[in-house]
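Undergrad: Sequence:
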Amino acid sequence: MVKAWKHFKTITYHKYLVAQGCFKIGLYWQGITHDLSKYSPVEFMEGVRYYQGTRSPNNAEREDKGYSSAWMHHQGRNRHHYEYWVDYSVKGGRGIRIPVPMPDRYIAEMVMDRIAACKVYQGAAYTDASPLEYYYRGTDRAPMHPVTRKKLVQMLEMLAEKGESETFSCIRRELVHSKKKARMRKRLKK
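As numbered in the working numbering, the sequence shown has no gaps in its residue numbers, which increase by one up to the final residue, 205.
Any given hint could turn out to be false.
[What the hints assert, rightly or not] Pair ranges (Cβ atoms, derived): (1) CYS185 - VAL17: 39 to 49 Å; (2) GLY110 - CYS185: 29 to 39 Å; (3) PRO161 - ALA19: 39 to 49 Å; (4) GLY81 - SER180: 38 to 48 Å; (5) ILE111 - THR142: 14 to 24 Å; (6) GLU181 - PRO56: 39 to 49 Å.
These are calculated hints, taken from the structure and not from any lab test.
We put the beta carbon where it would ideally sit given N, CA and C, even for glycine.
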C-alpha cells in the first residue's frame, strides 16, 4: 500500500509540473489532460509493482520482463511521445517503420514532459541542462522524424543555455501561438 501511495504522489507531482509548464506556454487543455492514462489500471498497477522513486518504473519492468506493458499502453495513447508518431510504409510491399512529423503543440508538451520528469527524478540535482543531457543518453538515436528532432533539440539546447523563461517564451511564440494564428487566419478566410 505504501508503494501505491508513493507512486500516486510521483505521477501526480509529475502531472502537476507538466500542467504548470503547459499553462505558461498556453496549452491549457493539454496541461489538464496530460498523462491521464497513468491512472489506468494497466499503467498504474505496473507502476506500483516496479516503483523505485528514483526513475521510471517502466525501465525496471523492462529489465525484469524484457518489455514494459505499461509503456506500450502509455505511448500509444499520449501524443506528446514521439513513439506515438511512428507508422509504417507500404512502399516496396513491406511494412517499414517510419517516423512522421509531430504537430508543434505536442512537441511543446514533450518538452514540458521532459523537464517535469527530470525535476521529479533528479530533485535538487536538476538543472536546465538536465533534459538535454537525458536526450543525449538515448533519445538521440530514437526513431524520430528529422523535423521533430530538430525542433526538440533546439528547445532543449535553448533551455540549457538560456533557461526556462526565455525558452518558454520561444515555445509559446514558435510552437504554440504561430499555429493558432495560422488556424485563425484560415477560419477567417472561409
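Undergrad: Could you tell me which of the hints above the structure violates, numbers in ascending order?
TA: Checked against the structure, the only hint that fails is number 5, while the rest are satisfied.
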